[in-house]
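Residue numbers (my numbering), protein chains in the order written: chain A, 319 to 749; chain B, -4 to 313.
Worth flagging that the hints you see were computed from the coordinates, not collected in a lab. Here the structure is a predicted model, which is why all the values come from computation and not from measurement. Using N, Cα and C, we set each Cβ at its ideal position, and we do this for glycine too. It is possible that some hints are incorrect.
From the derived model, a few chain A residues whose C-beta atoms are all more than 10 Å from chain B [to be verified]: (1) A411; (2) E508; (3) Q681; (4) L742.
Take a look, some chain A residues computed to stay more than 12 Å from chain B by CB distance [what the hints assert, rightly or not]: (5) I387; (6) D544; (7) K685; (8) K695.
Straight line, CA to CA, 27 Å or less: simulated BS3-like cross-link-like pairs of lysine-lysine [said to hold, decoys possible]: (9) B:K64 / A:K746; (10) A:K747 / B:K277; (11) A:K405 / B:K64; (12) A:K702 / A:K685; (13) A:K746 / B:K277; (14) B:K277 / A:K405; (15) A:K433 / B:K277; (16) A:K637 / B:K277; (17) A:K731 / B:K277; (18) A:K438 / A:K640; (19) A:K460 / B:K277; (20) A:K747 / B:K64; (21) A:K749 / B:K277; (22) A:K663 / A:K481; (23) A:K444 / A:K362; (24) B:K64 / A:K749.
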Amino acid sequence: MTPRFRQLAVPLLTASLLALASACGGGAANNTAGPAAAPGEKVKLTVGLFGDFGFKPLYEEYKKTHPNIEIVESVTQFNDHHNNLVKRLATNAGAGDVEAVEVGYISTFTAQPGKFVDLKQYGLDKRQSDYLDWKWQQGLSKDGQQVLGLGTDVGGLAMCYRKDLFKKAGLPTDRTEVGGLWPTWEQYIETGKKFAAAGVSGTKFVDAPGEIFRAMVNQAPVGLYDAQDQIIVATNPDVKKAWDLSNQLTQNGLTAKLAAFSPPWNTGFAKGSFATIICPAWMTGFIQEQAKDASGKWDIAPVPGGSGNSGGSHLMIPKQSKHPKEAAELIDFLTSKDNQARVFKEEGTFPSIPALYDDPSIQNFTKPFFGDAPIGKIYSAAAKSLKPQHLGPKEADVRTVIGDGLGRVEQGKQTPDQAWAQVLEDVKKIK
Amino acid sequence: MSSLPLAATRRRGRSVRHTLDVRVSPYAYVAPFFLLFCAFGLFPLAYTAWVSLHDWTLLSDEHTFVGLKNFGTLLADGYFWNATFNTLSIGVLSTVPQLLLAIWLAHLLNRRLRMQTLFRISLLLPNVTSVVAVVVIFSQLFGRDFGMINWVLSWFGAGSVDWAAGTASSHVALSTMIMWRWTGYNALIFLAAMQAVPRELYEAATIDGASGFTQLRRITIPMIRPTIIFVVIVSSIGAMQIIAEPLLFGASSGAGGGAVSGGPDRQYQTLALFVYEQGFTKFDFGYASAASWLMFLAVVVVAGVNYLLTRRVKGGLL
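Throw the hints in and build the complete structure from the sequences for me.
And the structure:
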């Protein structure tokens, strides 16, 4: 919880410190380092993340070859992390040397190319051929001239489910058969009704409609924004369809009403409060962390409704960094082919480097926690068939507004129609 | 000057210095407070008023003057009024029982007891606990599925309450957290005032056969009236500014919605949280400043009304 206070304290503190420093004649604050440190000089790099990216072992390895580099990781909660970054860029103080940006926010930041270091300066445009083309494009400035961020992972979709609970409900447990239950989202809901009818006590079919909605929108060719960066929530039939289907989950009593990433949701994993959860590759790491006792009970099936991407991040260097050269080298290292493969095996976040998808070490990778599910194969297939979607600058804000609407229906405050009307009003206010 | 006798010059110098000392130095002594107040109180207040007249966001360097437009939009913004209602509701629900309880607790402690100091210190303990810890623990107690309060309620056959989801229930939950932190603190202030009440009054009342409750009503409360006025005003100002509790409750209760919106239906978004949402997640400083000013006016009005109400209390409060 402390990040919330840091969110206020850090900008205030830095602002006052800066004011002090300039009052004392300036200069003093700046002469610690130029754009590149002298060889052997101690350099401290701050890496700002919004969760465990599985980088810690990589830092240790990096330090072996770069003894003068000290790496400090600063982790804040998802929304706070991105909001803080906006503030720190605007006030030109307090940002880290390397900042992770999630795909929902990437357009917000690539729209301000003046605030970030062009990674081309440090030769990182050489990495273009490594990447999935759309992932590479997302990290470029609007005019495509500058390389502002290098991708870490992509969130190809799958559906995680609890084998033991499916068995209790009399449903098939084999992952191919389970996938066969729900080629479409409508069939997913039908399966949910069967699950509910079996009356497994203390368990709902799915955690909450929010992330399901996000997945459905991500599967559509066009999502919340059109190519001209206009919000099209009101007119895109795919969005409305996703809204309706998500509410059907609620109205049939299939959700556990546990908002994603909240403490009760974490408890829900441990208590087995829900039998399925939408599973972008990075979610597998979450499940493993939250449901430590449920090893072997979870499994992974194909997602209803075809492929889509949910989540994934880029690493960027704010211009205010004092060590852009060292930071760029670190980004190059953290996103390298080998290291993306390694992070996948440990944390589950899936590489954005297609050469890895056919690599035997990925293809044959299985995880005992998920009943030896071939997660390498599943997510490679998901990533290969991904069709990228254009994301707008306020993607995350629009999603929050819609998420609130789904929440109001879930809490029985409004009918889906009333909630939708309010969502459209709220969306209009997003500037 | 040099033609004047030396002693006279000295005398005059001394008397000038003396006058200066008497006239000026008191101001010099209080100056640090007023300088700090100007820097951190008055200036932000005035600057906020200036910002509120502009279309001012953090992300753009252009700040166009728009006059009172922000205030107009604000007065037509349903979410602003919703936040105002929530603030008043949580304020009343937390302050009224809290002060009654505090007077009662102070009354209980205002007698010879063993381990007096221990009791008094333990009153203050909830107040020195970090608000984060308080809200996180209480959010778990008020949990829907595995919370202790619902567990206890289930003994009496009550169904599980989704505390964070409902408007009234979330206000009750938040008020409980606020009361937990501030009741003991206010009780201590009341206790200090009660100890200044002459003992003879109670002795005389006891001889006349007045019960403890009558003594509290007829002697204690009228005698500590200035303190009650002070506590009521400070508590209502505090209640109008509640932000940490709903913000953290949103993050830790699982009610969904962005943490700053106070639940998906904004069921427990307070005014201060509304200002925070506009200013620090939407970065609309102009709008947030306008909301801050209206909030300031609301605080003045509420504090004023409470002052008038409590001042009228001549006899017993109860």
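The hints, checked one at a time:
no. : hint            : in the structure
1   : A411            : 13 Å, holds
2   : E508            : 25 Å, holds
3   : Q681            : 38 Å, holds
4   : L742            : 14 Å, holds
5   : I387            : 32 Å, holds
6   : D544            : 22 Å, holds
7   : K685            : 28 Å, holds
8   : K695            : 34 Å, holds
9   : B:K64 / A:K746  : 18 Å, holds
10  : A:K747 / B:K277 : 10 Å, holds
11  : A:K405 / B:K64  : 25 Å, holds
12  : A:K702 / A:K685 : 20 Å, holds
13  : A:K746 / B:K277 : 14 Å, holds
14  : B:K277 / A:K405 : 11 Å, holds
15  : A:K433 / B:K277 : 19 Å, holds
16  : A:K637 / B:K277 : 23 Å, holds
17  : A:K731 / B:K277 : 25 Å, holds
18  : A:K438 / A:K640 : 17 Å, holds
19  : A:K460 / B:K277 : 22 Å, holds
20  : A:K747 / B:K64  : 15 Å, holds
21  : A:K749 / B:K277 : 9 Å, holds
22  : A:K663 / A:K481 : 22 Å, holds
23  : A:K444 / A:K362 : 26 Å, holds
24  : B:K64 / A:K749  : 16 Å, holds
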